[in-house]
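**Student:** Given next are the chains, with one letter for each unit.
Number of protein chains: 2
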Amino acid sequence: MKEDEELFDDVVKLIREHIFEQNVEKIRHNIEYDKLKKEFEFATPSTPISNDLIIKNIEKYLNYSVKTNQPGFLQSLWGGSHISAILGELLIASTNTSMYTFDTAPVATVIEKSIISKMIEMIGWEEGEGTFTSGGSNGNLLGLMCARNYTFPEYSTKGNMGKQFQIFISKESHYSIETAAKIIGIGTENIIEINCDKDGKMQPQHLEKQILESLNSSKIPFCVVATAGTTVRGCFDPIDEIADVCEKYDIWFHLDAAWGGAALFSKETRGLLQGINRTNSICWDPHKFMGLPLICSTFLINNPEQLEVVSSCVKNRSYLFHGEDTNFDLGKISLACGRRADVIKLWLSWLSMGTEGWAKRVEYCIELAKYLENLIIQHPFLELMSSREFTNICFRWKPEEINDLTEINNLNINLRQKLISNGNFMVSSAQLNDIQILRPVIAHPTIEKTTLDSLIIEIENIIEKLTKTSN
Amino acid sequence: MKEDEELFDDVVKLIREHIFEQNVEKIRHNIEYDKLKKEFEFATPSTPISNDLIIKNIEKYLNYSVKTNQPGFLQSLWGGSHISAILGELLIASTNTSMYTFDTAPVATVIEKSIISKMIEMIGWEEGEGTFTSGGSNGNLLGLMCARNYTFPEYSTKGNMGKQFQIFISKESHYSIETAAKIIGIGTENIIEINCDKDGKMQPQHLEKQILESLNSSKIPFCVVATAGTTVRGCFDPIDEIADVCEKYDIWFHLDAAWGGAALFSKETRGLLQGINRTNSICWDPHKFMGLPLICSTFLINNPEQLEVVSSCVKNRSYLFHGEDTNFDLGKISLACGRRADVIKLWLSWLSMGTEGWAKRVEYCIELAKYLENLIIQHPFLELMSSREFTNICFRWKPEEINDLTEINNLNINLRQKLISNGNFMVSSAQLNDIQILRPVIAHPTIEKTTLDSLIIEIENIIEKLTKTSN
Numbered sequence: 016m017k018e019d020e021e022l023f024d025d026v027v028k029l030i031r032e033h034i035f036e037q038n039v040e041k042i043r044h045n046i047e048y049d050k051l052k053k054e055f056e057f058a059t060p061s062t063p064i065s066n067d068l069i070i071k072n073i074e075k076y077l078n079y080s081v082k083t084n085q086p087g088f089l090q091s092l093w094g095g096s097h098i099s100a101i102l103g104e105l106l107i108a109s110t111n112t113s114m115y116t117f118d119t120a121p122v123a124t125v126i127e128k129s130i131i132s133k134m135i136e137m138i139g140w141e142e143g144e145g146t147f148t149s150g151g152s153n154g155n156l157l158g159l160m161c162a163r164n165y166t167f168p169e170y171s172t173k174g175n176m177g178k179q180f181q182i183f184i185s186k187e188s189h190y191s192i193e194t195a196a197k198i199i200g201i202g203t204e205n206i207i208e209i210n211c212d213k214d215g216k217m218q219p220q221h222l223e224k225q226i227l228e229s230l231n232s233s234k235i236p237f238c239v240v241a242t243a244g245t246t247v248r249g250c251f252d253p254i255d256e257i258a259d260v261c262e263k264y265d266i267w268f269h270l271d272a273a274w275g276g277a278a279l280f281s282k283e284t285r286g287l288l289q290g291i292n293r294t295n296s297i298c299w300d301p302h303k304f305m306g307l308p309l310i311c312s313t314f315l316i317n318n319p320e321q322l323e324v325v326s327s328c329v330k331n332r333s334y335l336f337h338g339e340d341t342n343f344d345l346g347k348i349s350l351a352c353g354r355r356a357d358v359i360k361l362w363l364s365w366l367s368m369g370t371e372g373w374a375k376r377v378e379y380c381i382e383l384a385k386y387l388e389n390l391i392i393q394h395p396f397l398e399l400m401s402s403r404e405f406t407n408i409c410f411r412w413k414p415e416e417i418n419d420l421t422e423i424n425n426l427n428i429n430l431r432q433k434l435i436s437n438g439n440f441m442v443s444s445a446q447l448n449d450i451q452i453l454r455p456v457i458a459h460p461t462i463e464k465t466t467l468d469s470l471i472i473e474i475e476n477i478i479e480k481l482t483k484t485s486n
Numbered sequence: 016m017k018e019d020e021e022l023f024d025d026v027v028k029l030i031r032e033h034i035f036e037q038n039v040e041k042i043r044h045n046i047e048y049d050k051l052k053k054e055f056e057f058a059t060p061s062t063p064i065s066n067d068l069i070i071k072n073i074e075k076y077l078n079y080s081v082k083t084n085q086p087g088f089l090q091s092l093w094g095g096s097h098i099s100a101i102l103g104e105l106l107i108a109s110t111n112t113s114m115y116t117f118d119t120a121p122v123a124t125v126i127e128k129s130i131i132s133k134m135i136e137m138i139g140w141e142e143g144e145g146t147f148t149s150g151g152s153n154g155n156l157l158g159l160m161c162a163r164n165y166t167f168p169e170y171s172t173k174g175n176m177g178k179q180f181q182i183f184i185s186k187e188s189h190y191s192i193e194t195a196a197k198i199i200g201i202g203t204e205n206i207i208e209i210n211c212d213k214d215g216k217m218q219p220q221h222l223e224k225q226i227l228e229s230l231n232s233s234k235i236p237f238c239v240v241a242t243a244g245t246t247v248r249g250c251f252d253p254i255d256e257i258a259d260v261c262e263k264y265d266i267w268f269h270l271d272a273a274w275g276g277a278a279l280f281s282k283e284t285r286g287l288l289q290g291i292n293r294t295n296s297i298c299w300d301p302h303k304f305m306g307l308p309l310i311c312s313t314f315l316i317n318n319p320e321q322l323e324v325v326s327s328c329v330k331n332r333s334y335l336f337h338g339e340d341t342n343f344d345l346g347k348i349s350l351a352c353g354r355r356a357d358v359i360k361l362w363l364s365w366l367s368m369g370t371e372g373w374a375k376r377v378e379y380c381i382e383l384a385k386y387l388e389n390l391i392i393q394h395p396f397l398e399l400m401s402s403r404e405f406t407n408i409c410f411r412w413k414p415e416e417i418n419d420l421t422e423i424n425n426l427n428i429n430l431r432q433k434l435i436s437n438g439n440f441m442v443s444s445a446q447l448n449d450i451q452i453l454r455p456v457i458a459h460p461t462i463e464k465t466t467l468d469s470l471i472i473e474i475e476n477i478i479e480k481l482t483k484t485s486n
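Protein chains in written order, with this note's numbering: chain A, 16 to 486; chain B, 16 to 486.
Do not take every clue at face value.
Repeated chains share a single entry, so a pair holds when one copy, or any two copies, can fit it.
What the hints assert, rightly or not - Straight-line C-alpha distance at most 16 Å; calculated EDC-like pairs for lysine to aspartate or glutamate:
no., residue 1, residue 2
1, K413, D449
2, K133, E56
3, K330, D449
4, K347, E144
5, K173, E204
6, K75, E56
7, K17, E32
8, K347, E323
9, K128, E54
10, K483, E416
11, K330, E204
12, K128, E47
13, K234, D265
14, K224, E262
15, K128, D49
16, K17, E36
17, K330, E208
These are computed hints drawn from the structure, not numbers from a lab.
From just these sequences and the hints, can you work out the full model?
**Tutor:** Shown next, in the form of structure tokens:
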């Protein structure tokens, strides 16, 4: 027992230093898989190793891990966890419980229901229900399942009965929709991709045309998925206009707002989600814009019954649901059985941020994104590749004298590689159509204007070197 | 920043006390939903609350939470997290990363691959692959998806094409298999339940009979699911005999070893899993028997290709997978996109337990289960209701003078309610056929023989009171 307490104190001390460390030397070490493998060779020893050696392993882990809370981490749609959320994780782990029943998770049940209600109120639905999921992919899967059940309730007992169900997604939607469509077994050929405009937004006219085509060939259009904050460009599909089409043909409308849901917090950005109250289900990840450590993800629905039906089972679950208070047993509206209390970190964060704290976070990041956008626009050899709507900035390096696309693409791939290997910044690359771009994202408040100035300076230095080498 | 550091120190202190507290007053407060709701009324304040108030909220949370690490917690197939695992969670949160790419999670990728390899070696497959999932339900879903793809590869592109796929599960399997079957859209009517013997084990003869019936009616039997450690009885299906049937008809064999996988650690219990190397896929949850905080769950497969195919997408994922080192990008073999580094807590636990530490944990719990089994068998008015095979003990109170089943069932429901409301023990109730039972489970090492003695004494006291009241 005493050894455990010592281990606790030593590890907490180490992690505390890591959390509050400023200006780290490198946010990522440029070390290859094989070398790293050697460093962590003894992952599964036969006999226990000493606490001292455990500490040494944790030190090594901290050293080689990517410093996702540092300002230079601009790679992902998440980063910069705040302290109350990290402490929330420790609280979750140390009270380790499962969300399936009120019996086992009394307080977390109360808090989960309360936070879900608040999110539904923000969306503007008259009634609704929701659950915490294992991530945006899972939330999108739930959306498709509810849609299927709404359109064809027999599916859950009979299977698909030879029908061809079709789903309508934007060309720029997240790949998890395709994954979900594969899981539920409709087949990728029945995923209809809707064209986007030049900014990456789904075109409602094309959507309607495709739905009509589907109906005319006696297929069953059962779900439209729009995106609020696409992964690459961060653009928002026109929700209101898509809702018009869905209502006209009575098709379930699922919104993937994993990234952009947080825009609801600020009156500056709420307009991007105009019409959100007309959707049927929504996936919204607090672990993205809201600074929660992974995973903290919600699925919300305006028709509680559908969620209950897709989650319900014929099978005996008497060992779990005990008859008393089962109204509050959240396992009945979840695809999971054991489920951790992710809500607790969101709760502690909400207490320490307040609703207005999230608004400020969003507004601050938007301000920085505008700043970076301007740096790119004004730059002689950097080119903005898509209109900025949220905090994703899509750009590339375009040397004046080069016009061959492959060549330009390769230069940008090299640019990113050098950037990453320098270890000061992490920025994602992506493709927009066939064009290779860099895509920094402003997702957390440790980023500052000076961070973005330094990014541009570092890019300029790399470009200078790359240009010299090739001459 | 200083405020953050103070919050960190204060919260860690509080949680430290909670973790190392012995002999808590009550493992669960008997408080109703509405009252608890009032206690946690302000979950989503508009403006930040002070650190002092956050601390007060955490104190309240700790007070009302179920003390799942205390010996009296005998309710679930998990409990008693060890300290290195809890610290692992803190490490995961403070280095917050996503497992999708080697780029973003270099060390965790190396460690995940290493631990998956070790588990495959323990199973005895010649080759294999695996991933950490969001829980046993998700692992079972993956098993069904791989089975479907193996039997009918066109499914992923064409959908089910009007075919009737059938899945074979034991009557006592976990409800997540039914959920998974519903998700993938085969319809609950195509779930064929196989009879069990008197101890709850699937009968291979009945399985073969049902498969033949399915084939004769031109349906497609595509997956058999066996259970290693059923939820209620903790019994193990005869894996070797089921493998014979699966091989004979070339049907995918998925094993739900979420609970019983840990039996592989000890030579005393390994025999329960005889034939495990002949399965095609396995779900095994270290968050159950191995003392990891929820969620730490694995899906393992002997045919890596199937896992890759079900997880792969046509859609552009260029923003994620960057071309270099993509062999090590674990997002390619997962249904999730963002995924937390659950493996890290397993790694730290493995370092501190050693493989032999897990063996000891299993053996210790088995010894205690035998002890409790004997207490029940020798008891004048308690009745063992199923042979004990693992650490689940199924029993009921059977008053000599009462023979009406409904009456006996109600007595046992009352018994459990009183037991829970006393706050010293949590024990699950369940139904075996129509019989109401109590089902304590030995899943963690803070339980001792004296804990079990006290449980029996407390039950005797409750029974005495219940008997007096009814007389």
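**Student:** Honestly, which of those hints from before does the structure not fit?
**Tutor:** Violated: none.
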